[in-house]
Structures are given as C-alpha cells and as structure tokens.
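Protein chains: 2
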Amino acid sequence: MNVRVSQALPALEPSPRAATSARMRTLALGIVGPGRVGGALLEQLRASRERLKRTHRLDLQLRAVIDSRHMWLDCDDDALNGRHGGAQIWRPATLADLGPYLQQSHAHAVIVDCSASEEVVRHYADWFTAGIHVVTPNKLAESGPLERWHALRETASHSGAQWLYETTVGAGLPVIKTLRELIDTGDHLTSIEGMLSGTLAWLLDQFDGQRAFSDLVRDAIVAGYAEPDPRLDLGGMDVARKLVILAREAGLTLSLDDVEVESLVPAELADVDAETFMHKLAQLDAPMTRRLAQASARNGVLRYVARLSAEGHARVALEVVPRSHPLANARLTDNMVVFSTRRYCDNPLVVQGPGAGPEVTAAGVFADVLRVAQQVAA
Amino acid sequence: MNVRVSQALPALEPSPRAATSARMRTLALGIVGPGRVGGALLEQLRASRERLKRTHRLDLQLRAVIDSRHMWLDCDDDALNGRHGGAQIWRPATLADLGPYLQQSHAHAVIVDCSASEEVVRHYADWFTAGIHVVTPNKLAESGPLERWHALRETASHSGAQWLYETTVGAGLPVIKTLRELIDTGDHLTSIEGMLSGTLAWLLDQFDGQRAFSDLVRDAIVAGYAEPDPRLDLGGMDVARKLVILAREAGLTLSLDDVEVESLVPAELADVDAETFMHKLAQLDAPMTRRLAQASARNGVLRYVARLSAEGHARVALEVVPRSHPLANARLTDNMVVFSTRRYCDNPLVVQGPGAGPEVTAAGVFADVLRVAQQVAA
Numbered sequence: 001m002n003v004r005v006s007q008a009l010p011a012l013e014p015s016p017r018a019a020t021s022a023r024m025r026t027l028a029l030g031i032v033g034p035g036r037v038g039g040a041l042l043e044q045l046r047a048s049r050e051r052l053k054r055t056h057r058l059d060l061q062l063r064a065v066i067d068s069r070h071m072w073l074d075c076d077d078d079a080l081n082g083r084h085g086g087a088q089i090w091r092p093a094t095l096a097d098l099g100p101y102l103q104q105s106h107a108h109a110v111i112v113d114c115s116a117s118e119e120v121v122r123h124y125a126d127w128f129t130a131g132i133h134v135v136t137p138n139k140l141a142e143s144g145p146l147e148r149w150h151a152l153r154e155t156a157s158h159s160g161a162q163w164l165y166e167t168t169v170g171a172g173l174p175v176i177k178t179l180r181e182l183i184d185t186g187d188h189l190t191s192i193e194g195m196l197s198g199t200l201a202w203l204l205d206q207f208d209g210q211r212a213f214s215d216l217v218r219d220a221i222v223a224g225y226a227e228p229d230p231r232l233d234l235g236g237m238d239v240a241r242k243l244v245i246l247a248r249e250a251g252l253t254l255s256l257d258d259v260e261v262e263s264l265v266p267a268e269l270a271d272v273d274a275e276t277f278m279h280k281l282a283q284l285d286a287p288m289t290r291r292l293a294q295a296s297a298r299n300g301v302l303r304y305v306a307r308l309s310a311e312g313h314a315r316v317a318l319e320v321v322p323r324s325h326p327l328a329n330a331r332l333t334d335n336m337v338v339f340s341t342r343r344y345c346d347n348p349l350v351v352q353g354p355g356a357g358p359e360v361t362a363a364g365v366f367a368d369v370l371r372v373a374q375q376v377a378a
Numbered sequence: 001m002n003v004r005v006s007q008a009l010p011a012l013e014p015s016p017r018a019a020t021s022a023r024m025r026t027l028a029l030g031i032v033g034p035g036r037v038g039g040a041l042l043e044q045l046r047a048s049r050e051r052l053k054r055t056h057r058l059d060l061q062l063r064a065v066i067d068s069r070h071m072w073l074d075c076d077d078d079a080l081n082g083r084h085g086g087a088q089i090w091r092p093a094t095l096a097d098l099g100p101y102l103q104q105s106h107a108h109a110v111i112v113d114c115s116a117s118e119e120v121v122r123h124y125a126d127w128f129t130a131g132i133h134v135v136t137p138n139k140l141a142e143s144g145p146l147e148r149w150h151a152l153r154e155t156a157s158h159s160g161a162q163w164l165y166e167t168t169v170g171a172g173l174p175v176i177k178t179l180r181e182l183i184d185t186g187d188h189l190t191s192i193e194g195m196l197s198g199t200l201a202w203l204l205d206q207f208d209g210q211r212a213f214s215d216l217v218r219d220a221i222v223a224g225y226a227e228p229d230p231r232l233d234l235g236g237m238d239v240a241r242k243l244v245i246l247a248r249e250a251g252l253t254l255s256l257d258d259v260e261v262e263s264l265v266p267a268e269l270a271d272v273d274a275e276t277f278m279h280k281l282a283q284l285d286a287p288m289t290r291r292l293a294q295a296s297a298r299n300g301v302l303r304y305v306a307r308l309s310a311e312g313h314a315r316v317a318l319e320v321v322p323r324s325h326p327l328a329n330a331r332l333t334d335n336m337v338v339f340s341t342r343r344y345c346d347n348p349l350v351v352q353g354p355g356a357g358p359e360v361t362a363a364g365v366f367a368d369v370l371r372v373a374q375q376v377a378a
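Each protein sequence line maps, in turn, to chains A and B.
Going by our numbering, the residue at position 216 of the first sequence is 216; the numbering climbs one at a time, nothing skipped.
Going by our numbering, the residue at position 264 of the second sequence is 264; the numbering climbs one at a time, nothing skipped.
Since the hints were made in silico from the structure, they are not lab data.
There may be inaccurate statements among the hints.
Heads up, the list lumps identical chains together, so a pair's fine if it works in one copy or across two of them.
Simulated pairs of lysine to any residue, SDA-like, Cα-Cα distance not exceeding 25 Å [claimed, not checked]: (1) K53 - Q374; (2) K53 - T253; (3) K280 - A107; (4) K280 - L95; (5) K53 - R371; (6) K280 - R180; (7) K280 - D76; (8) K280 - S159; (9) K53 - V376; (10) K139 - P228; (11) K53 - E260; (12) K53 - R180; (13) K139 - T55; (14) K53 - K280; (15) K53 - G251; (16) K139 - A250; (17) K53 - H188; (18) K53 - W163; (19) K139 - R54.
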C-alpha cells in the first residue's frame with residue numbers, strides 16, 4: 001500500500017541514477033527520525049551534495065527516510081525523478097526493512113538515528129551485524145546498560161561497522177573526538193569538568209534573582225531551549241547520560257547508576273504527571289533563590305557542573321563557581337568541556353560553544369557521516 | 001659506510017619481523033627531524049605501539065629516522081633485534097633515499113616532517129607523487145608560495161596521498177580539523193579571531209608593568225617559550241603564517257604578503273644579527289610600556305590578536321582587549337581560536353589550551369598519523 005502525502009519534511013533530493021566516476025565513493029543513507037535535527041540534516045545534505053561530489057569525490061545518496069509511522073524509499077519515487085519539492089510517496093514504516101533495503105545498492109550503508117527512541121536502538125545489533133554503519137545523536141545506546149553497550153561495540157568492531165555519536169555530547173562541538181584522540185595517542189585523563197546542558201546553562205546564566213526561576217523555565221520552554229516537560233533537563237539525568245558517554249570513551253566502564261546526580265526537581269514533584277508538574281513549578285523557586293543567595297554571598301555564580309575523575313568518580317550537581325573561573329564565562333546556551341590530562345596539566349584543553357540546536361547538531365551528525373566515508377574504502 | 005654512534009635520541013624500538021594478523025593494518029613510518037617534537041613523538045609511538053596493535057589492529061612500524069646529518073634505517077639494526085636502548089647504527093643522511101626505502105615494505109608509507117626546513121619541503125612533491133603520506137608540524141609548505149601549495153595539493157590529491165598538518169596551528173588543539181568540518185558540512189565562516197602564539201600569549205599575560213618587557217623576553221627564552229632569536233615570535237610572522245594556513249583551509253587563497261602584520265620589533269632592529277638584537281633588547285621597553293599604559297587607561301589588556309574576515313582580510317597585531325572579552329581570559333601560553341560562522345552566530349565555537357610544547361605537538365602529530373591509518377585500506 002503506497003500512500004502519497006503532502007510532505008512536511010524538507011523536500012528530499014532524489015538519488016541520481018547516473019553512473020558515478022570510477023573514483024567516486026558512494027554511501028547509501030537512511031535517516032531515522034526526521035524531526036528538528038533530522039530535518040536540518042536533510043537540508044544540509046541537499047545543500048552540500050553536488051559540492052561533495054566535486055571536492056570530496058563523495059556521493060551521499062539519500063535512499064530512505066523513516067519516522068515512527070511512515071517510510072520514504074527512493075525506489076518509490078523513481079517516476080518522479082527531476083521533481084523539485086512537492087509531494088513524495090510514503091509507505092507504512094517498517095524499521096526492520098531499512099537495513100536490507102539500503103544494502104541493495106551494494107554501497108556502504110549508513111543509518112542516521114536522529115530519534116530518541118529505544119525501539120530504534122533495538123535494531124543496532126542487526127545493523128552492525130550486517131556491516132551497516134550507525135551515526136547518531138541518540139544517547140540511549142551509548143549511555144544505556146553496560147552489557148548491551150559492550151555487546152554492540154563488539155558486534156560493530158567484528159563486522160567493521162562504524163558507530164559514531166559525536167553529537168551525543170556538546171552537539172557539533174569537537175568533544176568526543178578530542179577525548180578519543182587524547183586517549184588514542186597515549187595521554188592519561190586527570191579529570192573532565194564541564195557544562196553539558198545548554199538548557200541549564202541558559203537558565204543559570206539568566207537567573208540573577210530579578211525574576212523567579214520558574215518564570216525562566218517557562219521562557220526556556222517557549223524559546224525551545226527546554227523540553228515541554230522540563231524535568232528531563234532539570235533532573236540532571238540528561239547531563240548524567242553525557243558524562244557516562246565521556247567516561248566510557250575514556251575507558252571507564254561507568255553506568256548511569258554510578259553517577260551521583262543532584263536533581264533540581266523537588267522529590268515530591270519527581271513522579272507527578274507533566275501537567276501537575278508545570279502547575280506546581282513555582283515550588284522550585286524558594287530552594288533556587290536560597291542557592292543563589294549562597295552563591296552571591298561567596299561572590300560566585302551558580303553552574304550545573306558535571307565532573308569525572310580519573311578514578312571514575314562521576315557527579316553532576318549545582319555548584320557555586322568563582323566569577324573568575326572559566327565555567328563562569330559561559331554565555332547563553334554555551335556548553336563547555338575542560339579536559340585535564342597528563343599532557344594538558346598546567347592549563348587544560350577547553351572546548352566551548354553552543355552545545356544544542358538543530359543546525360549545529362545536524363552539522364555534527366553530517367561530520368560523522370563524512371568520517372564514515374573517509375574510513376571506508378572506495 | 002655505517003657508523004655506530006651512542007645515541008642521544010630516545011631508544012628506538014626495532015620493527016618486528018613477526019607476521020601480523022590478517023586484519024592488522026601496517027604503516028611504515030619515517031621521521032624527519034628527531035628534535036624536541038620528533039623526540040617526544042618517538043617516545044609516544046614506542047609507549048603506544050603494543051596497545052595500538054591490540055585495540056586498533058594497527059601496527060606502526062618505525063622504519064627510518066633522519067636528521068640533517070645522520071639516518072637510521074631499521075634494516076641496519078637487523079642483527080640487533082631484541083636489543084633495548086643503547087647504541088644504534090647510523091649512516092649519512094640522504095633524504096632522497098627515504099621514500100624508496102619506506103616503500104620497500106609494501107605497507108602504506110608515512111613521512112613525518114618534524115623539521116622546520118625548506119630542504120625537506122622540497123621533497124614533498126616526490127613523496128606525494130609516490131603516494132607517500134606526509135604528516136607535519138612544519139608550516140613552510142602550508143603557508144608558503146601559493147603556486148607551490150596548489151601544486152602540492154594537486155599532486156597529493158591525484159595520488160591519494162594524505163597531507164595532514166593539524167599541528168601547524170595550535171599544536172595538539174583541534175583547530176584545523178574543526179575548521180575543516182565546519183566548511184565540509186556546508187557552514188560559512190564569518191570570522192576567525194585568535195591568539196595563535198603561545199610565546200606572545202605568555203609575554204603579554206605576564207607583562208603588567210612591574211618588570212621590563214625585555215626582561216620577560218629573556219625569561220621566555222630561558223623557559224623555552226621563545227626561540228633563541230625571539231624576533232621569530234615578536235615579529236609576528238609566525239602568527240601570520242598560521243593565519244594563512246587557516247585562511248587557505250577556509251578556501252581563501254591568501255599568501256603571507258596579504259597579511260597585515262604589526263611587528264613588536266623596532267624597524268632599526270629588524271635586520272641586525274641575533275647577538276646585536278639581544279644586546280639592544282631594551283629598546284622594546286619604551287614602546288611596550290606606552291602600549292600597556294594605553295590599555296590600562298581603557299581598562300583593557302594587551303593581546304596579540306590574529307583576525308581573518310570572510311572576505312579574506314587578514315591582520316595580526318597588538319590590540320587592547322576588554323577585560324571581559326574571552327581573549328583576556330587566556331592564561332600562560334594558552335592559544336585560543338574563536339570561530340564565528342553562519343551556524344555559530346549567537347555564540348562562537350571556541351577552542352582553547354596550550355598551543356605549543358613538544359609533548360602536545362607530538363601528540364597532535366601522532367593523532368594525524370592515526371588519521372592516515374584510518375583513511376587507508378587494510
């Protein structure tokens with residue numbers, strides 16, 4: 001059953017059938033979850049496609065897009081080649097069909113998981129077994145159960161499939177690749193400290209006592225900085241997941257349970273439904289105002305800081321940071337990651353910048369796709 | 001004529017003759033210029049070799065080391081296999097023999113140019129033509145004559161040879177690869193501003209009027225932060241070269257002549273011999289003290305700043321920077337590079353950290369070697 005729907009996605013460029021030059025590398029791409037990040041990625045891929053053929057001899061062929069209900073396959077649009085924008089043919093989503101379909105082309109296949117879904121993660125093992133590369137900003141597998149993580153690594157390594165997830169921490173900022181290079185070249189981590197949540201960075205940068213903390217949270221939701229249920233950010237679990245990802249990258253086999261997490265959500269609001277939570281949001285104000293007063297009394301600022309030691313102690317918590325400290329200088333939704341190592345001991349290596357947003361996240365995913373392309377043979 | 005010399009280099013690990021597993025990748029390495037950076041690299045390679053075989057299935061075989069007078073080839077040490085440290089057999093240096101020797105092993109060959117020599121650069125074309133990869137912190141080719149640079153790029157691209165030079169700017173900091181990913185994924189540069197000289201960063205961070213600028217320069221030489229003839233740093237040409245490299249990476253075909261350079265060396269001292277210069281170093285003090293007073297009057301600090309605009313305007317100069325500006329926060333020998341782009345527009349992407357020193361530079365070179373390994377077939 002093929003359905004033709006007027007598409008809300010960015011228009012997809014049909015794959016060309018023209019023969020590519022002998023030295024052209026081809027990747028067959030499937031994109032799962034064409035939401036804000038996936039949509040931005042589709043735009044970036046389309047805008048860059050001809051340039052990459054010319055300058056990188058690389059042909060990124062978009063062959064499938066799948067969301068939770070629909071699936072677009074380029075074969076369905078054969079009759080429409082040459083069309084710009086407009087309607088596309090969609091069929092019901094079948095995640096299990098995606099890998100085999102991409103592999104029909106005999107090019108290296110890359111699945112870009114832009115979902116935040118456990119259901120998609122459950123397919124990784126099959127994809128890796130088939131040698132399909134996975135690029136993703138989805139944190140669930142990288143920070144999930146240690147046993148599954150080990151098994152997925154092993155499967156990918158065995159089949160030669162790449163698994164790249166730079167954008168799970170700091171979006172487009174060079175965080176994970178920087179850490180990996182330090183480790184790969186034999187450096188030894190002393191500590192990582194950082195601000196890993198754009199949402200919390202923005203809230204704490206804005207929170208100066210003039211306005212209630214709960215009002216700023218509402219502003220953040222409206223501005224798209226925070227999730228509609230802001231507990232995902234305020235509870236610290238998102239930051240804890242990122243710290244687990246960094247820890248594992250550094251060779252420490254940590255799990256989410258090992259991270260000491262200070263939640264900004266009062267215990268009695270942790271399990272209520274979202275509507276009730278938003279209704280009682282003002283309960284955050286008194287404790288946050290008290291914390292701000294403590295920070296001011298010490299001439300510091302409040303920051304939500306993630307810390308990892310070489311011994312594997314991991315903690316995410318609200319801290320008072322001196323005004324002269326680099327973490328106090330982060331502005332707006334800036335993320336900041338401070339690597340101290342045996343080689344970077346006098347001064348740390350610091351990466352700073354916007355660590356969230358569809359465009360920069362999509363660009364980081366795109367860069368991972370390009371890295372897959374560099375690492376597979378022509 | 002073989003000579004046996006007691007070696008001042010770190011002891012070189014002999015290449016194993018044992019068969020490697022089927023899936024092991026091998027790179028044959030030749031290192032040119034085993035000075036401070038080259039020496040640190042040899043240490044790092046040796047310390048990482050067994051680990052990389054195990055974790056990366058990568059065998060980095062050191063096959064040759066060459067300085068301006070001597071050359072060590074692993075074949076000469078055949079009889080010495082199993083020896084640890086101690087004497088090694090050296091023969092007179094013949095740079096032209098290096099490429100053919102490395103290629104005898106039928107592995108991918110990588111020449112690491114840790115020299116600062118034009119003579120070595122003159123061999124790049126032959127190496128690229130032969131498909132030999134070059135990894136280097138040597139700025140002379142990347143910032144040299146535009147025509148030669150174009151020709152070398154073309155030759156390398158044609159033969160599939162990699163040419164990696166991350167450490168020419170910011171040593172081990174992820175600067176060039178970050179810029180390249182921004183461009184490759186279709187972002188557009190608005191500006192780059194940065195502090196690209198660890199020497200000048202240190203001098204200007206220390207210079208608070210308590211001690212004469214010339215005294216600090218002498219300290220910097222003793223500490224190894226500045227060259228014995230500090231005009232290489234103070235004249236700004238080293239920073240200008242780095243800015244040319246960044247500009248070319250961003251697609252702007254700039255040459256050194258196109259960079260507006262403010263030298264901190266008085267014109268009458270620009271061409272005297274090094275001894276005379278050091279004798280008259282105090283002539284720097286009056287103008288620098290005047291500049292410091294101007295900065296203080298404006299409640300700012302002095303920084304030597306490199307700036308590049310999207311239109312290709314390039315300038316390196318002493319500037320007064322407000323104390324609240326990120327560039328004012330750099331400490332010790334910190335480099336800092338601030339990328340503003342179409343996507344990183346509200347807040348820039350910032351990389352900061354020590355941008356000089358043998359260990360971090362060697363680690364950056366090492367990371368480039370690992371990138372070559374990832375990008376060549378098994």
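**Request:** Any hints from earlier that this structure breaks? Give me their numbers in increasing order, please.
**Result:** Result: hints 3, 4, 6, 7, 8, 11, 14, 19 break, sorted rising.
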